[in-house]
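**Q** Each chain, written out:
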Amino acid sequence: LAKTTQPISMDSYEGQEVNITCSHNNIATNDYITWYQQFPSQGPRFIIQGYKTKVTNEVASLFIPADRKSSTLSLPRVSLSDTAVYYCLVGGNKLVFGAGTILRVKS
Amino acid sequence: GAVVSQHPSWVICKSGTSVKIECRSLDFQATTMFWYRQFPKQSLMLMATSNEGSKATYEQGVEKDKFLINHASLTLSTLTVTSAHPEDSSFYICSARSLGPSSYEQYFGPGTRLTVT
Numbered sequence: 149l150a151k152t153t154q155p156i157s158m159d160s161y162e163g164q165e166v167n168i169t170c171s172h173n174n175i176a177t178n179d180y181i182t183w184y185q186q187f188p189s190q191g192p193r194f195i196i197q198g199y200k201t202k203v204t205n206e207v208a209s210l211f212i213p214a215d216r217k218s219s220t221l222s223l224p225r226v227s228l229s230d231t232a233v234y235y236c237l238v239g240g241n242k243l244v245f246g247a248g249t250i251l252r253v254k255s
Numbered sequence: 002g003a004v005v006s007q008h009p010s011w012v013i014c015k016s017g018t019s020v021k022i023e024c025r026s027l028d029f030q031a032t033t034m035f036w037y038r039q040f041p042k043q044s045l046m047l048m049a050t051s052n053e054g055s056k057a058t059y060e061q062g063v064e065k066d067k068f069l070i071n072h073a074s075l076t077l078s079t080l081t082v083t084s085a086h087p088e089d090s091s092f093y094i095c096s097a098r099s100l101g102p103s104s105y106e107q108y109f110g111p112g113t114r115l116t117v118t
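Chains as they are written, first to last, in our numbering: chain B, 149 to 255; chain A, 2 to 118.
Derived by calculation from the structure, the hints in this document are not laboratory data. Some hints could be false.
[To be verified] Each pair of labels, with its calculated beta carbon distance range:
#1 Lys65/A - Gly240/B: 36 to 42 Å
#2 Ser84/A - Glu165/B: 46 to 52 Å
#3 Val4/A - Lys151/B: 26 to 32 Å
#4 Ser44/A - Arg225/B: 34 to 40 Å
#5 Pro213/B - Phe40/A: 31 to 37 Å
[Stated by the list, open to error] As a list, the in silico BS3-like pairs of lysine-lysine whose alpha-carbon atoms are at most 30 Å apart:
#6 Lys151/B - Lys217/B
#7 Lys42/A - Lys151/B
#8 Lys254/B - Lys21/A
#9 Lys151/B - Lys65/A
#10 Lys67/A - Lys42/A
#11 Lys217/B - Lys200/B
#12 Lys65/A - Lys21/A
#13 Lys242/B - Lys217/B
#14 Lys151/B - Lys242/B
#15 Lys56/A - Lys200/B
#16 Lys151/B - Lys56/A
#17 Lys242/B - Lys200/B
#18 Lys242/B - Lys42/A
#19 Lys21/A - Lys56/A
#20 Lys21/A - Lys67/A
#21 Lys67/A - Lys15/A
#22 Lys65/A - Lys15/A
#23 Lys200/B - Lys21/A
#24 Lys151/B - Lys202/B
#25 Lys65/A - Lys42/A
#26 Lys42/A - Lys254/B
#27 Lys15/A - Lys217/B
#28 Lys202/B - Lys254/B
#29 Lys15/A - Lys42/A
#30 Lys65/A - Lys242/B
#31 Lys42/A - Lys21/A
#32 Lys67/A - Lys56/A
#33 Lys15/A - Lys56/A
#34 Lys202/B - Lys217/B
#35 Lys67/A - Lys151/B
Virtual Cβ for every residue (Gly too), placed ideally from N, Cα, C.
Generate the whole structure from the sequences, applying the supplied hints.
**A** Right, here's the structure in full:
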């Protein structure tokens, strides 16, 4: 399974755009890239998934360069409620969680 | 759509007893379900992969005789922690993967907090 590397933590302010980059140098051809959000004592919540190029949904965008060795989750105009841990996962059949990125949004 | 539930949401049991945790996909069919464990301030650790109608596949270091997994239908998987000990106290989370074109999307349950006294 491809290993992922993310920043341990990030700080932001309300209304700003936040970009979290994940490195996955040994991603396999069949692997998808998926991002989850987790609040304390809750199960992870699916944010977005992509294979290549750019994917956008109502809450985030996912940018994947042509070599797919990294990906960037973009959260537009964050609010205090976006304070959470964000996980980047790479895989297909099963997902193995890395350490994640603690995002702290301040007012 | 894509809702996964777990029951119970929390449980306290005495050391040596067994506890069963249910994971249900409420509005979709899941051929594969996964069980994770999460200790405080740590990431999720995959315990096992459960396929409907077949034996679960356990990750290295996870005792299959202690953590019994049954996936009897396309909407239900159960995890039984047998002879629980205080070190089994943790947050147990299941996920389910749906059939269909977005079959790599996994949806997670809300988790079950197990405390063994």
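**Q** Go through the numbered hints given earlier and state which of them the structure violates, listing their numbers in rising order.
**A** 1, 4, 8, 15, 23 and 27
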